[in-house]
Each structure stands twice: as C-alpha cells, then as structure tokens.
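Counting from 1 along the sequence shown, just add 21 to a position and that's the residue number in the working numbering.
None of these hints come from the bench; they were simulated from the model.
Treat each hint with caution, since some may be false.
Below, computed lysine-lysine pairings styled on PhoX-like, alpha-carbon distance capped at 20 Å [as the list claims (entries may be wrong)]:
1) K68 <-> K124
2) K54 <-> K124
3) K179 <-> K124
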Amino acid sequence: MDKTNIDSKHNQQEEITFNPDALAEKYLLERDKRLRQDANDQYLEVKGDFSYFAEDPYIDEEIERSPLEDEVEVVIVGGGFGGMLAAARLREAGIDDFRIIEKGGDFGGTWYWNRYPGASCDIESYIYFPLLEETGFIPKQKYTNAQETLDYCHVLSKKYNLYENVCLQTEVTSTEWDEEIQRWIIHTNKQD
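Whole structure, please, built from the sequences with the hints as guidance.
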C-alpha cells in the first residue's frame, strides 16, 4: 500500500453507528433525574449529637487571626493537589499575588481528611503525583499509601512556599461578583 492510499484512508469519515441526537437526549434525561428542586437546600447543617463529625480531628487548636480585607489577583479554593498545582504554576510564572483558602488544617485535600488504615492511591504514584521532577521526590511505592501522599503534599507546599499564601482552617461561605469594580468578593467563616 502506498502513502497516497494510507493518507486517503485516514481522511475518510468513519460511519457512526448511533444517533448522536438520541444519545444527547438520553444524557439530558439522566441528568434531569438527578437534579433536585431544592438544590443546595437539600444539605443539612451538622448539629446536635453528631456535630463533632464536622470538626477537624487533625488540628490541636483552632487558628485565630484577624479577618483579611485585602485584594489578591487570584484566589484558589482548596489546598489539595489541584489547588497546590495551580499555585505552583502561578509561582513559576512569577505571579505571587494569590491566596489559597483551605478548610483543613493543612494541605492535602482528600489525603488530609482520609487517613484511615489501609488508605492508598489506586493510580501509580508516578502518574498521580504532580511535579515530581521539579521537587526531586521519588515515591517509595508504585501505588503509594495515604501517609506518603500526604507527606508529598508537604514537600510540594514547602518547595513552592505555599504556606505564606494560605488561609488554613478557613471555609469559603460566599462568592459575589461586583460588577462595578469587576472583581469577585469572597467571604469566609473567619469574617474575611
């Protein structure tokens, strides 16, 4: 087979064996089954006898600080891998005017909260851990455990000096777009 035949073969449109409109309709119907009229009102505040389940079991004491009323160029909600990676890339680009808002007492996201015996990652460490070359970190296991993953979160946060830009034990309570000043106004449980 010569090159001309190969190229023309790859340029031919493959015949679809399903109706795209019917598939899109099916997905919309499935989505509609899961939408609730009460939206966020469906969630209940954890209070009473079970309120301790909402507390962070990994902090010794709550951080006390004055409310922040400053402006930053970028706000990152969450200090898990996504938040840390976004912050690291901002640092690499020379952007230091950012703030990470993290509900937990430290970086780690799901790995901060889930430290039960046997917890481990089901994705190979070399694929799951971002910025391995930049940090020089070498995972000890192919499918790393929760503790090593949390340890790596500390390596990342220290490598990129993220502790100077984070508000730990802080939860975003609302975000509002201010059309006049063209900025987001963010409120937290710390009266920020």
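A quick look at each hint next to the structure:
For the given pair, K68 sits about 18 Å from K124 by alpha-carbon distance, which is consistent with the 20 Å threshold. For a cut-off of 20 Å, the pair hint linking K54 to K124 is broken: about 31 Å separates their Cα positions. Proposed proximity of K179 and K124 is supported: the alpha carbons are some 19 Å apart, at most 20 Å.
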